[in-house]
Amino acid sequence: MDEAKLTELLKSVQKGKCDVDEAVRVLKHMPSEMMDYACLDHHRELRTGVPEVVFGENKSAKQVTEIMRKMMHRSGKALATRIAPEKAAVVMQALPELRYHDDARMITGGEEKVSTLKGRGRIVVVSAGTSDIPVAEEAYVTAGCLGNKVRKLYDVGVAGIHRLLVNHELISSATVLIVVAGMEGALPSVIGGLVDKPVIAVPTSVGYGTGFGGIAALLGMLNSCAPGVAVVNIDNGFGAGCIASAINRR
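Sequential numbering from 18 applies to the sequence shown in the numbering used here.
It is possible that part of the hints are untrue.
To be verified - Below are the DSSO-like pairs computed for lysine-lysine, each with C-alpha atoms no more than 30 Å apart in a straight line:
id: 1; residue 1: 166; residue 2: 135
id: 2; residue 1: 79; residue 2: 94
id: 3; residue 1: 79; residue 2: 32
id: 4; residue 1: 76; residue 2: 87
id: 5; residue 1: 87; residue 2: 135
id: 6; residue 1: 135; residue 2: 28
id: 7; residue 1: 28; residue 2: 214
Stated by the list, open to error - Listed next, with one range per pair, are the computed distances between beta-carbon atoms:
id: 8; residue 1: 55; residue 2: 103; range: 46 to 54 Å
id: 9; residue 1: 182; residue 2: 32; range: 52 to 60 Å
id: 10; residue 1: 236; residue 2: 32; range: 54 to 62 Å
id: 11; residue 1: 107; residue 2: 137; range: 35 to 43 Å
id: 12; residue 1: 137; residue 2: 55; range: 32 to 40 Å
id: 13; residue 1: 48; residue 2: 116; range: 24 to 32 Å
id: 14; residue 1: 34; residue 2: 148; range: 50 to 58 Å
id: 15; residue 1: 48; residue 2: 179; range: 50 to 58 Å
Rather than coming from a laboratory, the hints here were simulated on the basis of the structure. For each residue, glycine too, the CB sits at the ideal point set by N, CA and C.
Construct all of the structure, not just a fragment, from the sequences and the given hints.
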């Protein structure tokens, strides 16, 4: 249940279209729902602005399918991250109304139910290289599903800084930026020195041996001398999308 659904229910009671007992019955079963392998938190969006999201790694295709089926039944919306293509194929066969985002490795449902934008401005997702796009896409899809206007700008890393500078108007138009980079992780610092908006830096595990699976990029971003740069965990596009949405919320 989100704020819009709760408001609709309370207005129905106010207008006499729904009696108090029926409203109590609906609310009584809304907070959570027990399954054999999960306890779904249906009130999370009402509390935090972000609905419960299925983390798909280490869950079976059957588990993901049944969880998303219940989420769609209850709210008409669902979101799952880290879903491998072969697992997604099973889920999509059972729930064809859902959509699989290949690059982001995410499954979404009910985006059309985000009828009003919750964001006050624009989130811009920037990737340093093409290899960083999967993590950038996770952030892009997440922010969009949370009710934000989102733009993306990919492959504009420091190896060819002119590619970024010619897009200065776009990055300056953002309310908040998500900047995704691997290798040495320098791009968030560069952007942080160009704009007066919050920059959420996302290190990726892209890079050669001394990148240590994203640790070099993570440490570089944590040591940024540019003001206004905050850092999330390695490859955590979803977390960056959620934080950007919270910043951008009306």
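Right, here's what the structure says about each hint:
no.	hint	verdict
1	166 <-> 135	holds (9 Å)
2	79 <-> 94	holds (18 Å)
3	79 <-> 32	violated (42 Å)
4	76 <-> 87	holds (16 Å)
5	87 <-> 135	holds (25 Å)
6	135 <-> 28	holds (21 Å)
7	28 <-> 214	violated (39 Å)
8	55 <-> 103: 46 to 54 Å	violated (21 Å)
9	182 <-> 32: 52 to 60 Å	holds (56 Å)
10	236 <-> 32: 54 to 62 Å	holds (58 Å)
11	107 <-> 137: 35 to 43 Å	holds (39 Å)
12	137 <-> 55: 32 to 40 Å	holds (34 Å)
13	48 <-> 116: 24 to 32 Å	holds (28 Å)
14	34 <-> 148: 50 to 58 Å	holds (54 Å)
15	48 <-> 179: 50 to 58 Å	holds (53 Å)
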